[in-house]
Amino acid sequence: MRYLLLLFVFLAFQSKGQEQVFLFSYFTDNGQDGLHLAYSKDGLKWEALNNGKSLVTPTVGQDKLMRDPFILQGKNGIFHMVWTSSWKESQIGYASSKDLINWSEQKAILVMAHEPTAKNCWAPEMVYDPQNKNYIIFWATTIPGRHSDVASSESEKGLNHRMYSTTTSDFKTFSPTKLFFNPNFSVIDATILPKGNMFYMFLKNENPNPPEKNIRITKSKNASGPYPTEVTAPITGNYWAEGPTALEVSDFVYVYFDKYTEHKYGAVRSKNMKDWEDVSDKVSFPDGVRHGTAFKVSNEIFKNLIQLK
Numbered sequence: 030m031r032y033l034l035l036l037f038v039f040l041a042f043q044s045k046g047q048e049q050v051f052l053f054s055y056f057t058d059n060g061q062d063g064l065h066l067a068y069s070k071d072g073l074k075w076e077a078l079n080n081g082k083s084l085v086t087p088t089v090g091q092d093k094l095m096r097d098p099f100i101l102q103g104k105n106g107i108f109h110m111v112w113t114s115s116w117k118e119s120q121i122g123y124a125s126s127k128d129l130i131n132w133s134e135q136k137a138i139l140v141m142a143h144e145p146t147a148k149n150c151w152a153p154e155m156v157y158d159p160q161n162k163n164y165i166i167f168w169a170t171t172i173p174g175r176h177s178d179v180a181s182s183e184s185e186k187g188l189n190h191r192m193y194s195t196t197t198s199d200f201k202t203f204s205p206t207k208l209f210f211n212p213n214f215s216v217i218d219a220t221i222l223p224k225g226n227m228f229y230m231f232l233k234n235e236n237p238n239p240p241e242k243n244i245r246i247t248k249s250k251n252a253s254g255p256y257p258t259e260v261t262a263p264i265t266g267n268y269w270a271e272g273p274t275a276l277e278v279s280d281f282v283y284v285y286f287d288k289y290t291e292h293k294y295g296a297v298r299s300k301n302m303k304d305w306e307d308v309s310d311k312v313s314f315p316d317g318v319r320h321g322t323a324f325k326v327s328n329e330i331f332k333n334l335i336q337l338k
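Going by my numbering, the first residue of the sequence shown is number 30, and it counts up by one from there.
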């Protein structure tokens, strides 16, 4: 019975002539059980794949975590995934897949090993750089004493994040790590959306005292930047938000985010990248969804995912 229902869902996608399906990668709880996927037809209602079970179990990192899983399909069709593999180590996790079901051996990329005092490597993401024909991997790290102090809360004492990056064309060799985005506030959870001739970076102002905890935007004509450090006003509302991910759905750009103090997901959307409508009451996600990535896949990829049991 369940197989027939899943087959009906897949055929419904095909009958509407939809060439691509929206997917959402995410983790649950603390991230120890690995990668989860959900799908959507309209960008609003998201349903869990694989009966809500994880598809990949983390094997790298001291803490064996797979938090903040980010997935990007490369120019050759291969899916590349990076994630937060540990709370306090100087590395991120990496694996690849042709179908989002069967994954390569996981490996650690030692992106901050050259900085002995680096406290963390959180929420890595990627963007393809068409100008330099490579991939930019970027993440948040705190290096004590490196940047101007921000007022701390007791729970975040000593954390003052900036965005760092490395580049690769083959995910085997990587350029030396460099400072990628250095505003006058603590910043984490950056994500980049290529749109038109611009690259839009959505990011979290992480300042703890007084607390910001909101999503803002900066943009550049080049994937590699520079991105102006004078960012927009918050596009999220009077709640704490993190882990933004952007997705184009019809005429809209949706930005989904984790309302982490409320243990649920929210979203805003815009047609012009300037005026943002809060549609948190219109979106629904599987229970327990945390900090994920929204992206598109072909029906060919989706038809195998929807049959997972």
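If you're looking for bench data, these hints aren't it; they were derived computationally from the structure. One thing to keep in mind: the hints can contain errors.
Capping the alpha-carbon separation at 20 Å, the derived lysine to aspartate or glutamate pairs in DMTMM-like fashion look like this [what the hints assert, rightly or not]: (1) Lys82 x Asp316; (2) Lys70 x Glu48; (3) Lys70 x Asp316; (4) Lys93 x Asp128; (5) Lys248 x Glu291; (6) Lys300 x Asp71.
What you are looking at is a predicted structure, and each value in this text was computed from that prediction instead of being measured.
Outcome of the hint check:
no.	hint	in the structure
1	Lys82 x Asp316	12 Å, holds
2	Lys70 x Glu48	11 Å, holds
3	Lys70 x Asp316	18 Å, holds
4	Lys93 x Asp128	23 Å, violated
5	Lys248 x Glu291	29 Å, violated
6	Lys300 x Asp71	16 Å, holds
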